[in-house]
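Engineer: Heads up: the sequence lines are chains Z and E, in that order. Whatever position you read off the first sequence (first residue = 1), add 139 for the numbering used here. Whatever position you read off the second sequence (first residue = 1), add 72 for the numbering used here.
Be aware that one or more of the hints could be misleading.
[Claimed, not checked] Covered by chain Z, according to a simulated footprint, are these stretches of chain E (three or more residues, beta-carbon under 8 Å):
1) 116 to 129
2) 161 to 173
3) 189 to 201
It should be emphasised that the hints constitute simulated quantities derived from the structure, not laboratory data. For glycine and all other residues, C-beta sits at the position ideal for the given N, C-alpha and C.
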Amino acid sequence: MFSNNPFAELSAVISPSIIQGYIVLMFIMVVGGTILDMLHKKSAKYFFENAEKAKKNAKRTLSGGEKVSLAVATVANEVITSAEFACTRRRLSHLLTMYGFISIVVATAVLVFNYPNDTAAGIWPVVWHIGAIMLCLGGYWFWFFIRVDVSSEGVKWYNFNGRGDIFIVSLITMATFALLWSGTLASGGILNMIFLVLFIACSTILFSTVFWSKFAHMFFKPAAAYQKKLVKADGSYENLPELGELSDPDLQAKFPDIPEYMGENPPNMGAGIKREAPSHY
Amino acid sequence: MPTFVYMTRCDGCGHCVDICPSDIMHIDTTTRRAYNIEPNMCWECYSCVKACPHNAIDVRGYADFAPLGHSVRVIRDEEKGVIAWRIKSRNGKKDMSLLAPITTKPWGTAIPQLSDESAPSKEMRDSQLLFNEPKYVRMDDGELHTLESNGLEIKVGVYY
């Protein structure tokens, strides 16, 4: 099952060009949905206005190299490892769903466009199946254990919250029906056909509801994380105070309470509020 | 006006929900981000602002507190054991900062033992001061009180 290209068997029923056309259509829907979303929420306008404001308050101008290194740091931390999540469970679940989604999307594109009739398509069918399993693991973990916890939303697993849940529900159902469809390909029959129809339906919902769902967060969040690093580096820091190095003599001269009560070299005080996970009670 | 959340900063961790004394910071079920459900009930205590690990919460201060659109922002860094404030006027000409050690006492250690105190006298009842007002806030009996003058020390480790 894992090493078989499910789309090669599908091409016996549906023409490869139709499958490829469907993939292109979904891609256009994602791009169109994201642009409409940006126009509607004016998020891009807000983002650039905010960036202008930060530039005006900047204490120093960043060089091109510094900006590139900040972009690299954003990719390394916020994008690749989801470091922005303070909650470890959310972070792990997000990493599973994110890499599962990327694997299944890339593998689907490669299988459909490069190996439309090739049952053994190298490593790609394995990538496709592992991606779907990772999506299921991360998605169901989130849906049944994290989302229902009061430290998140505290919503019952059977409660569907409309717009907020379109993305995650269509994502996990797509991965689930993809696996069920692929798993029943050998036996065929009506059940396999039902799974195929549900897989296509869930995929269509996922990619065509970008305007309403939170699908586009994967484009917005890295931009916001980059901006956050930028304002810190250029000194504007969104009007937040600077903490500075507490052992710095200039800082100690300006704020004499620091050496008086904390000593010349203040010690690390420990994790503070972060030592306990929030429980909401 | 009261607190609001920068949605691109918030990751829905829930520290603000935990700490809000009015229970008005909630997680939005659609966006999975924190928001102030009842701005009228926010008394600008800044607890959530200080608790937020991403500095995602800001306050639109009332005119008496932040006249003419001042920005009042704070970072409470517990690892360093300090709290930093920055007050900036709308045109940016006034830009003031403050840095001080955190003096919050460990949880449960500052409960007044009122039953041990004697009943207030008539003079105390007629006074402007609160009954048994802690001596550290009394400004009418000499110099400014400091930790040192009251024989107090900063404890290593920050509690909330």
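Engineer: For each hint, tell me whether it holds in the structure or not.
Structural biologist: Taking the hints in turn, this is what the structure says about them:
1. Given as covered by chain Z, the region 116 to 129 of chain E passes the check, having 4 residues with a CB less than 8 Å from a CB of that chain where 3 are the minimum.
2. Proximity of the region 161 to 173 of chain E to chain Z, defined as three or more residues with a beta carbon under 8 Å from a beta carbon of that chain, is established by the 6 residues found.
3. Requiring three or more residues with a Cβ within less than 8 Å of a Cβ of chain Z, the coverage given for the region 189 to 201 of chain E is violated, as only 0 such residues are present.
This entry does not satisfy hint 3, going by the numbered hints stated previously; all others are met.
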